[in-house]
Structures are given as structure tokens and as C-alpha cells.
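Residue numbers (the numbering used here), protein chains in the order written: chain A, 28 to 243; chain B, 511 to 801.
None of these hints come from the bench; they were simulated from the model. Treat the hints loosely; a few may be bogus.
Output of the computed footprint for chain B on chain A, the stretches with three or more beta carbons under 8 Å from beta carbons of chain B [what the hints assert, rightly or not]:
hint	stretch
1	75–88
2	105–115
3	119–131
4	134–145
From the derived model, a few chain B residues whose C-beta atoms are all more than 10 Å from chain A [claimed, not checked]:
hint	residue
5	Ile560
6	Leu675
7	Leu676
8	Tyr739
Treat the numbers as computed from the prediction; the structure is a model and nothing was measured. The beta-carbon is built from N, C-alpha and C at its ideal position, and this holds for glycine as well.
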Amino acid sequence: MSATLEGRELVVLREGRRIVDGASILVRPGEAVAIQGASGSGKSTLARALATLIETDAGTVLLDGQDAREIAPTQFRTRVAFLAQLPAMFGGTVRDNLRAGPALHGKSLGDADARELMFAVGLDPSILAREARTLSGGERQRVALARALANPSEVLLLDEPTAALDPDAGERIVALLRTLCGRGLSIVMVTHVEAHARALGGTRYRCERGRLSVDA
Amino acid sequence: MSYLHISLPRLLLSVGLIAVAVALSRRSRLGLEGDLIWGALRGAAQLVAIGYVLLLLFDHEHPAWVGLLLAVMLIAAGATSARRVEHGPPRSVLFPRAIAAIGAGALVALVPVFVAVVPLHPWYEARYVVPISGMMLSNAMNVVALVFERIFASASSEADQIEALLALGATPRQALEGQVRATLRAALLPTINGLLTVGLVALPGMMTGQIVSGTAPEQAVRYQIVILYQLVAVAAVAGLVAVAFARRLLFTARAQLVLPRARPAICRRGGARLRGGGARRIGDASLDPAP
């Protein structure tokens, strides 16, 4: 399953400053989109606004053409997953972390599904029994991806998923995102690394002073 | 009833106990001498004042006067529990909520007892209503202060966890569940410890007071049991109501986490705290990660 995520003329103000200044973006089903920009350009705030994790001061977020404000936040965020730069791991094992999303909605995740998710993000299923908080940065990113995929996610919004990783691990994450995109997921990756934005292979937006433009 | 009177000179001798604490503070360079002296003076002045107020009240017992005194006590409790919250929203935001939480807890603990367990004649009988209400308000005040302090602090320090849960589709209630559980446990622990150690470690103030003033120990004990159970109820209700208010303050209607702005440490001591402060949305501190 995949969905169209759209941000129209989004504005986020902080203490009078326009952190996001009329940004518009369209992510079609199964499309990979990179938002590239320098530190402080507002790209992370834009990603949070698209995930509805922060309030916007103007503009609209739409999912499959429906205003996000008309969709229950729990439902919207089950379909549109957001991953922070350093995803927080919940207490317990990796398996417990994978089960967190479905458990919130009264569902359970079987062992076979958990193992499948590990394969999908390029991790050995033996990691399922490990304490999640002992994982390395790269492993955390992958477990967070798997955790998001344990929900019926259709769009993945990733805020600097490679920033805290060494170059090799960063490239492997981008390759993994390309693979997930090939399976029909829509991907939005915020990054300051131009090589990673290019490697993702889809539309590239540039974010400057809260404004978005399509990178040629 | 006969009891040993404390003469004024003997009362002054007890000031020596404060002097011991002040001397220890100075010797250990704790810098608490001023607070200790001010606290001792203020505490004594407040007790003397309430003594005279109670004398007046007993002589002119009227529901309006009893109600007025309870209202003053409630306001003072609300102001105190909203004052020392370093990680929370401004005092003006917390104060009415503290009043509501403390008031709800006190109502639940007091009304059934005064109706069914210790029925009063008249219902506003000051020598029962005022001291017992005071104990409830005081306990509720401490619980609410603990809840506010702890829930906002843990929401701030564990914001990434809460937001990760929200991002997975959690409701605010689900996202804050761990912090709420830890907060309520911490806030109720002193009351539960009081239940476990009463009679073993401490003889509670009210029971001691009754026994000293000549009440039969058996009756004093019964009163104390009722008071202890009231303290449990007041702590539980006030704590839960305070948590509900904190949850509403921490999330928008669209289930977005909004953290109160931390106040600079330099402005937190004493009463000279910065007003206002506003709210901080997640990601404010660092809009984008450094490359």
C-alpha cells in the first residue's frame, strides 16, 4: 500500500521567525523524495510538520487528498511514519520495540512477522532478543524502520537518517530506503548530505530559509 | 482534661533546635541559614496567627467564616504547589489547576467522612472541619507539587520517547503512560510509606496531640486510622486530577507534544522567578541537526 502525501503552502512560525515559509511538496505513491538543505534551513521542522507532529501556522497537509486535520492523528501517523535522526528505543528487546506500534492499536506481532521485518531492513533476526538500547546508531535506524513498518505504514518520513552514521552505514541505509521504495513505500528523506540525496534517486528538493524549490 | 502547659520561656528554648540546624548548615556551607531562620519565624508566626483565628472561629462559629478559612487554606495550598515547578508552565497556568486538583482530592476525602464516619453537628463544626481539612489540603498540596514537578521534568527529558510513540500512532494518554505511572508512584510513595510505618516509626501528629490533650488512646487511634485512609484518598484523587491537567497542557488537541519552556536556573531561586516562559515545541532547541 502506498499513499500520496502533500504539503501545501506550509508555514511554521517560531517567536516571529518563519522557520517554514510557504513550503509545498508532493510525494506520490511509491516515490522517493529527498529534502536537502543546510543546518537551520527548516527542513527538519518541515518534516515534523508533514508528520503532523508539530502545529503549522498556515497551510495544509493532505494524505490521499484528504486534509490531515480531518483524519484522527493516531490513524494518520499509523499510515505516515516519522523517524527522528536518532530514533528513541523503548525499554526492552528489539522484539518488544517492533511490537510497540501494533500493541498501541490492540494488535499483536507474531514471531514470523518480526523475523520478516528484520530481513526487510537488513538485520539478522538473532538481534530480536537483544536489548534495544544497546544497539549501535546504524542498528537503531534499521530497528526504527522495522518498528515503523510493523504498522501499516504507507509513507516514511525520515529526518537525517544518515547524519549520525559513518559513511558506509549511511550509504547502506540509503540503499535500504531505495529497496523499500521499490516495494511501493513512499519515502521522504531529509538530509544535508548531497550524495545521499542523489543516491536516493527520486525528486530532490532544496530547502533554504524555510522555502522549498525543486533541485535541478 | 489535663496536660502540661508550655510557658513562653520554655517555648523559646525550642528555638535552640533551629540554632542547631543553622550551625550545621553554616559548618557544612549549605547556605541554608537564611532559609532556616526565615522558615522558623514564618512557621511560628503562621501557627500563632492560625491559633488566634481558630479562637475567633470557635467563639463565632458560622459556616461563612469556616468556608472563608478553608478557601484561604486552599488558595495557599494551590499557590504553593504551583510555585516550585521548575520544568512546568508559568505559575498563572498551574495555579487554577492546582486549586482544582487539591480541591477535588480534599472533597473526595472529606465529604464522606464528615457525612458518615464523623458526623458533625453542626456540619461546619470548626474544631473538626478546620484541622482535618488542613491535613488533607496539605497532603494534596505535596502530591500535586510532586506530580507537576515530575511529570513536566520527565516529559522534557524523555520527549524523544514520547514523540516516537506519537509517531507510531499513540494517543497522548498512551504516549505519556510510562511517565504518568512513574510520577504517580513517586507522588503516592510518601503516603503509602506513612501507612506502612505508622505506629512503628512515628506516632502521627493528630493522634499524639489528642493523647497529650487527654483523649483516650483508643479513640485517638480510631481518629488516626480515619485520617490515614483519608490521606490515601486525597493523594490518589489529587494526583490523578493533576496528571490529567498536566496531560492536557503537554499535548495539543491534535496530539502534538508541547513542552513548557525551561526557565533559566538563575531565575528559579526564591520568589524572583521569571514570569511567562511560553511553550516549546519539539525540535525548537535545534531546528536541524548539525552536519
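Structure-based check of each hint:
For the stretch 75–88 of chain A, the stated coverage by chain B is satisfied: 6 residues place a CB nearer than 8 Å to a CB of that chain, which reaches the threshold of 3. With 9 residues having a beta carbon nearer than 8 Å to a beta carbon of chain B, the stretch 105–115 of chain A meets the requirement of three or more and the stated coverage holds. With 3 residues having a Cβ less than 8 Å from any Cβ of chain B, the stretch 119–131 of chain A passes the three-residue criterion, so the hint holds. Look at the stretch 134–145 of chain A against chain B: 0 of its residues bring a Cβ nearer than 8 Å to a Cβ of that chain, fewer than three, so the hint is violated.
With a closest Cβ-Cβ approach of about 46 Å to chain A, B/Ile560 is found to remain outside the 10 Å limit, as its non-interface label requires. Annotated as non-interface, B/Leu675 brings its C-beta within 10 Å of a C-beta of chain A; the closest such distance is 7 Å. For B/Leu676, the requirement that its beta carbon stay farther than 10 Å from each beta carbon of chain A is not met, with the minimum near 6 Å. With a least CB separation of 35 Å from chain A, B/Tyr739 remains clear of the 10 Å interface cut-off, as annotated.
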